[in-house]
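**Q** Go ahead and model the full structure; you've got the sequences and the hints to work with.
Per the numbering used here: the sequence shown = residues 689 to 1407.
These are computed hints drawn from the structure, not numbers from a lab. Owing to the predicted nature of the structure, the values given are computational and were not obtained by experimental measurement. Glycine included, each C-beta is placed from N, C-alpha and C at the ideal position. Accuracy of the hints is not assured; some may be wrong.
[What the hints assert, rightly or not] Below, a list of computed lysine to aspartate or glutamate pairs in the EDC-like style, where the Cα atoms sit at most 16 angstroms apart: (1) Lys1276 / Asp1288; (2) Lys1215 / Glu1167; (3) Lys770 / Asp732; (4) Lys1249 / Asp1219; (5) Lys1275 / Asp1219; (6) Lys729 / Glu719.
[Stated by the list, open to error] The following label-pair restraints were derived from C-beta to C-beta distances: (7) Gly994 / Gln894: 21 to 31 angstroms; (8) Ala1058 / Ser1308: 36 to 46 angstroms; (9) Met1402 / Asn1374: 32 to 42 angstroms; (10) Asp1335 / Ser1296: 16 to 26 angstroms; (11) Asp1335 / Lys728: 36 to 46 angstroms; (12) Arg1186 / Glu902: 49 to 59 angstroms; (13) Arg1186 / Gly994: 54 to 64 angstroms; (14) Pro1012 / Asn895: 29 to 39 angstroms; (15) Leu1355 / Thr1229: 18 to 28 angstroms.
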Amino acid sequence: MSKVVYEGWMVRYGRRKIYRSYIHMRFFVLEPRLLAYYKKKPQDNQVPIKTMVIDGNCRVEDRGLKMHQGHMVYVLCVYNKKEKHHRVTMAAFNIQEALIWKQKIETAIDQQQESRTVNGNKYVSFEFKPGMDNGRTASSSDHESQFSAPEDEDDAHRDLLRRKTIGNGLPDSVLDWTREIDSEMSHQNNNNQGFPKKHWRLHQCQNGLRIFEELVEVDYLARSCGRAMKAVGVVEATCEEVFQLVMRMDGTRFEWDSSFQDGSLVEEVDGHTAILYHRLQLDWYPMLVWPRDLCYVRYWRRNDDGSYVVLFRSREHENCGPQPGYVRAHVESGGFNISPLKSRNGRPRTQVQHLMQIDLKGWGVGYVPAFQQHCLLHLLNSVAGMREWFAQTDERSALPRIPVMVNMTSASVSSYKTKHNESTVHPTPSLQTNASGRNSVMMDEDSDEDEEFQEQEEYSTGLEGEVNKEAMEEEAVEEIDLSCFSGNLPHVDRDNARDCWRISDGNNFRVRSKHFCYDKSKIPAGKHLMDLVAVDWFKDTKRIDHVARRKGCAAQVASGKGLFSIVVNVQVPASTHYSMVFYFVTKKLEPGSLLQRFVDGDDEFRNSRLKLIPSVPKGSWIVRQSVGSTPCLLGKAVDCNYIRGPDYLEIDVDIGSSTVANGVLGLVIGVITTLVVDMAFLVQANTTDELPERLIGAVRVSHIELSSAIVPNMDAESS
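**A** Below is the structure:
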């Protein structure tokens, strides 16, 4: 067997003929002359799903960030220029892993070319021509689309071959200010994509940043908007970490960019170019000055020296017209230049340059010149926020993942037809925050769907960003008649209803994915395993135990219909004891399933697996921070008593058994009428055969009144 150069789990990415993308986890193996991938880690002489011979004609194309159901992956395409139909497309959820594979494959191509050259074959090494690059940080891959000869050219023109390509290259309308060139050189080479060289002077220092102002050749400017400014600072993080933070347009951005209100994706042009909508949060007399928004094209690339460039420029788009209540500002040039520095004391360091040349429009710019400069400094100050964010967070200890972005729509979206027929969602702050957690997708390990355009029956996708698990797609379970179940707490589906409950959408909660053991990824939970049929709200002078024995309760009604119930009795201690009881019902337990093992297992197993995911979507800040949204193993945190009946399992959860939980509960009880609380119950999955996790059920209780609780009649037991 040949020596393995590199191996590991990556993602297979492609599109079906029905224009829906798919991704599957595959194990890739790179040998000196062969790239292959398997469904599982290969053993002995296992035959791969697909192979590709590596030689000097191969290319590694950087296709950038691609969206799959609201989630982004970093895509590479390896192909042979002599056989363009033969290609392998692979992707990763973090840029570091994709870059390692890119480097390893390019090295293998180089080695094959060198060996063929020694043997007398015509392979000409990579070579720059004069005038092709006038900047130190220029990307050789970026020159592919602009300067290289066609791929089917004759051998006489092999001196312009490239082994690396990057998207469609820099859009013509975007100015690359990171490649500053002298005006004389720009006249000599009309094809040069550099920006005319600017002269800068230090304007001021603030928050540890150096703020530079452009020096122009004229003595007078009608508006300060014609003058560019940039902030330069040092961040203790890697270039990849800074880049992925800059690319985020979700709730994470609120933590370091005070000028960000919300943002969304208008159109994905290619993996390196997108049209974005961005609302600015400016602090200049907000009661008098209208807020600003932007519609701009964003282009990014990674240079050969490991630096990243992100460029902005405003443009119009038919799906992003003027928004009511906003003034549309214009970005002439802007973006980030993220360059590596030498580490200090073992810590990575990155220089971040943030440039903006913007016209905020409106009367304030013309009559109050200080408005323009104040807002511009406010925008540039985000570099200081970024520096502090990295200094105070531990999230970078894990591999950073590709950012997620929500699509945008306007009133005219119904008339806008995309070639992929993708649904879009209007940008709202709450939606952006929810989207920030959706950093992984369902990957079918056992699927044979590995061709680039393999036709398959279309499946339902639902809302943008919703993940459909294979198990849910295959289910065809007859629905349970819920009309026969009732509890004393009303079931109301209106958002503004009070003192009631409703079923919470499973996609509001993130659970372990099918490949959690490999990459610790989580996915929206999706459909529940059981149906929530009723909720009781009880009170008594003593603790209320074993409520499922009460005649006429939902568990007894379900038993009479041959259904199985899981009853969760959340016991709330106080001067008066309260119990909120949730009745989850299903037709049957699947033999051998994790849920069936939980129901019939011993208490030790149940305590180690029963999990609660809480959330407070509406309530005071201190309550939301106290409750949080971190999953909790109930059996480890509080005392749980399990009662196994013939057709039910009751779980009595004593909140008062934990000092910490009791303290939080005391805080919640005092303001319970102002709260909306979500709770999801599930059995934790620990092994690959148990994954992905599924919710038993989820409930939302809204503005509960203590006075609405009733005293149950526990003396009337069922026979």
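**Q** So, for every hint listed, does it hold in this structure?
**A** Hint by hint, here is what the structure shows:
1. Lys1276 / Asp1288: Judged against 16 angstroms, a Cα distance of about 13 angstroms means the pair holds.
2. Lys1215 / Glu1167: holds (13 angstroms)
3. Lys770 / Asp732: This hinted pair is violated, its Cα atoms lying about 32 angstroms apart.
4. Lys1249 / Asp1219: holds (15 angstroms)
5. Lys1275 / Asp1219: holds (10 angstroms)
6. Lys729 / Glu719: holds (15 angstroms)
7. Gly994 / Gln894: 21 to 31 angstroms: holds (29 angstroms)
8. Ala1058 / Ser1308: 36 to 46 angstroms: holds (37 angstroms)
9. Met1402 / Asn1374: 32 to 42 angstroms: Between Met1402 and Asn1374, where Cβ atoms are some 37 angstroms apart, the hint holds.
10. Asp1335 / Ser1296: 16 to 26 angstroms: Between Asp1335 and Ser1296, where Cβ atoms are some 25 angstroms apart, the hint holds.
11. Asp1335 / Lys728: 36 to 46 angstroms: holds (40 angstroms)
12. Arg1186 / Glu902: 49 to 59 angstroms: For Arg1186 and Glu902 the Cβ distance comes to about 57 angstroms; the hint holds.
13. Arg1186 / Gly994: 54 to 64 angstroms: holds (56 angstroms)
14. Pro1012 / Asn895: 29 to 39 angstroms: holds (34 angstroms)
15. Leu1355 / Thr1229: 18 to 28 angstroms: holds (24 angstroms)
Hint 3 from the earlier list is the only one contradicted by this structure; the remaining hints agree with it.
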